[in-house]
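S.K.: Each chain, letter by letter, is given below.
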Amino acid sequence: MASQYVAELCMLLVEDNFGELFGRIFSTLHRYERLTLQRLVGFTRISESRLRAALVAMIQHHLVYHYTPLEEGVTYYSANVHAAYYLARSGKILELVEDRLGRYAATVMSTIMYLGHAQVSHLEALPRLQPGPEMNGAHGEQEVREKHENGVNGMNGDHIPSQSTLHLTLKDLAAHGYILRVREAHFQSSADNILDIERHIRLGESVQNMKGKKLEEFVLEKRADMLKERLDGDLTRGLIINGVPRGVKRRRVNGTSDDLDNKRARFDYDNAGISGDGEENGWWDDDIPMESSLTIRVNYDKLDVALRNRRFLDLAEREAPRETSQVYDHLLRRIEYQTTKCRDSTEIPREGEEGEQYSVSIPLSALTQDIDPYVDLVGSLGPMDTSPNKRLGKRHFDDTVNGDDDGGGGGGDDNDDGTDRSDGNRAYAVDQHLSLLAQPPFNLTSKRLNRGLVTWTIEFRHLARKLRHLELERIVEARYGDVALRVIRVLQAKGKLDEKRLQEVSLLPFKDLRQVLASMQTGGFVDLQEVPRDAQRQPSRTIFLWFYDPDRIRDNILQDTYKSMSRCLQRLRFERGRLKEFLEKTERSDVKGNEELYLSEGELERLREWRAKESLLLGEVARLDDMVAVMRDY
Amino acid sequence: MASAGTSGGSVTELASRLYDACISQFSHDHLFYQQDLLGLEILPSNDLPLLLQCTQSLVDQKLFRLLQGKNDRLAWKIIPREDAEKLQNLSPDESLVYNVIHSMGRSGIWVRAIGGRTNLHKSILDRCLKSLEGKNYIKSVHNVKFPSRKMYMLAGLAPSEEVTGGAWFTDGVLDENFINVVSGFIEFSVSKKSWYEVPASDRSRNKRLKTADGSVTVKKESGQKEYLPYPAGYKGYPTVAALTAAINQSGITPVRLEEENVTQLLEMLCYDNKLVSLNGEAYKSVKNPAEVKARQARKPGEDPSVVDDQLVRNGMTEVPCGQCPVFNLCVPGGAVSPENCEYFETWIHEKGPLSF
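Protein chains in written order, with the working numbering: chain A, 315 to 948; chain B, 72 to 427.
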């Protein structure tokens, strides 16, 4: 993480969001790593009192880690690059939350983000979170839902106290895992945490009579447990019922909510072995508010999972019919609820050294319940039982359209048969859709048999790798054309190849092949390995092998992406500087909100232009962040 | 020697009887061992010296070719009489060269390798090759693997795939147009078989369907055909054999393509992201026939921005930095900087108004 461009980017993000003072402190801390307050004063040349105030605020925003070793009693500060980077992702996160939980939830989320972390009681007191009359329009839909929920439960009448809306939303967020409890250890860097824990363990009673290797193993094992315990801010406990956050089930407005109890019973049966907290059904009570002393923050790990799932869904949507991707969406939702982070290791493992990591498996029956009963699942797939003979007979390999129509008509009859069958057997149809996704070219799902129950799961690492390759391939295609893409894919599938073999597989003329290889080598996408056949290393007696190393390229591209992001932000700042005076005018408190009133036609046009520019550049940063997420976080 | 001298006539006679028997009883490709020849019962049994004399006389007449069989045993092959006549007219050097070239069969032999085997001087070798070529006994061939090497093979043979590079080469050069035509045909054929075309009567019915979240199912305008994928486990996807047969029937290829050629092309299409292989036997296309047709109808020179069979764009391909030739030099405040970047300037002007 500690490259030049990340530093540059993070500093820009901090500066854009919090101003120059924070930016200066952040970049100093990043450059010099750990610093005490005194040294920080020396390097930044900011007065101690201002520095103290700023540091407190930065700690509040998790931009700075602090750590006070017991024996020294001096506090060290260091920059939290990760948190700073997530500033770039905040827009995307809010959009996701709004999409899932409504406008009001997004407002709550953005408030929590804005505050870094916040106590529930503090949120209660904030005026912008009070659903006042002017807010009603903004989240009317949300409120309707809440009303409905309460109506179903028969606990409240039509009147909803405003506090309860906040608490319900917070609980929704908590149940989805989007927020977590702030723990002491969140303020220290992971290295500090680990050292601290190790010290603890070594001083503990149980290790006194252990030595050498045994001791190390014990420490390592214990360390992981304690780290998990210290950092654990999970709020979903008790809010997830049988693998689904509370409230989610009842979103379905029509028809399904009346047999809730019935369904719940069935769920218990389905995955009793998977999430055995059926006894916590008591949490259906919406009346119990969140503890007001609770301090919460955004759970970026979980949100990455959600965003990653959205990318998987995009993959499905590109190729599969709409209904199939809807089914997939439901599967992904279910999986998201039970996945806390994208991967176990901190770094993305090297290509080929990566083990597979399966998601939790979701029973088919649960999925069938989730899916909208009005989605046409059978009609959205072709018929299975067209006899191949008939097809072969009718559809010759010619281009005439007539032949097609005949074949299609023949298939139509079979389709009708399928519809009859589907009435009683929706699970079969869902299974068919998921099976389609399990096949190439998708490979998006995989089927498991779990004690006789059909369950579906996702191969996370495989798909994350697929996303990464896709991003790299897109770049290759854009820069070097589709011929290059073919070459890259051949090299990736076959490993190292010499020119002749490469030509045989890729079926490209030597001239084109050499051209494209040379230009890609200049760009650093492919490289040559020399294998001399004798000790003299003469070129004529040397085998040259082309290869493509996705890990190396990923690293390079990642750095380039950081750089591009910061270039976009820098350009934005420059553009802003150009229009400085005009923009200052538009931001005057009397003009803001009344632009039509105070600005001339030309000025309005300029403002519109500026907004377009700004949204273009910021949008591009978000697009680049998508790539960073794929290459670093997923 | 004495016996050879006395029975000279009978040896030739025996030899020619032996040759006739070989011709009539075995295919011309048969490899004869000592036992085979003795087994013909023309020679008195177990008279090995006589057998040796007979075969030697046949070899001298170029009617037999001496070979080394398994376990270093001597073996012979028959040469048809007309070929033998040809060979008899050759000078010893020429016949040496001819035999070496013959021994390599369809794969041809490099001139330097001939020199190495025959130990002939280069000028003599050149003369031999020239005269053999002039008599139309051998021909020079172009090898794709070693384009710079001069190779020879017998005139009557067709070069093997290794030499020509397979069906995709014409005169030793990869025939791009041919490949494009055939691959286009394959893609379209596979595509037609891997998508189910919704019959027109069903289409109108689907339109009315609504989902519970209130969104009406969006359907394409009725003029367009609608395609659905087949469910998993569908058996109708075309196989290599079926595709090969279809290609050879279609008449787009002047030469007959073998399954391995087609497999090669199919693999290439897989790498192009156009097809996917299902368990290595059947193939399924990624795009439906309408899309395939649309792309194939497009001229290569047309604006690539309308192409949506490209992988979807990403951040790096959109931002000017992704294509910037001086990206590595770009530093804030430097000679190349985000402030004075002309690519940004044009990009913002092009895209700015669109991005609302």
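Hints were generated in silico from the structure; no laboratory data involved. No experiment lies behind these values; they were computed from the predicted model shown. Careful, some of the hints might be misleading.
Listed next, the stretches of chain B that the computed footprint assigns to chain A, with coverage defined by at least 3 CB atoms under 8 Å from CB atoms of chain A [what the hints assert, rightly or not]:
1) 300-311
2) 335-349
3) 398-407
Cross-link-like lysine-lysine pairs, in silico, DSS-like; alpha carbons within 27 Å at most [claimed, not checked]:
4) B/Lys193 to B/Lys133
5) A/Lys825 to B/Lys133
6) B/Lys221 to B/Lys210
7) B/Lys133 to B/Lys216
8) A/Lys542 to A/Lys528
9) A/Lys825 to B/Lys221
10) B/Lys206 to B/Lys193
11) B/Lys206 to B/Lys221
12) A/Lys536 to A/Lys525
13) B/Lys201 to A/Lys406
14) A/Lys542 to A/Lys525
15) A/Lys527 to A/Lys542
16) B/Lys306 to B/Lys296
17) A/Lys655 to A/Lys761
18) A/Lys406 to A/Lys761
19) B/Lys157 to B/Lys216
20) B/Lys157 to A/Lys814
21) B/Lys306 to A/Lys761
22) B/Lys210 to B/Lys157
23) B/Lys148 to B/Lys133
24) A/Lys899 to B/Lys422
25) B/Lys201 to B/Lys221
26) A/Lys894 to A/Lys906
27) B/Lys216 to B/Lys193
28) A/Lys810 to B/Lys296
29) B/Lys216 to A/Lys808
30) A/Lys542 to A/Lys655
31) A/Lys814 to A/Lys825
32) A/Lys814 to B/Lys216
33) A/Lys894 to B/Lys157
34) A/Lys814 to B/Lys221
All C-beta atoms in this analysis are idealised placements derived from N, C-alpha and C, irrespective of residue type, glycine included.
S.K.: Tell me, which hint numbers fail for this structure?
M.R.: 5, 7, 13, 18, 19, 20, 28, 33
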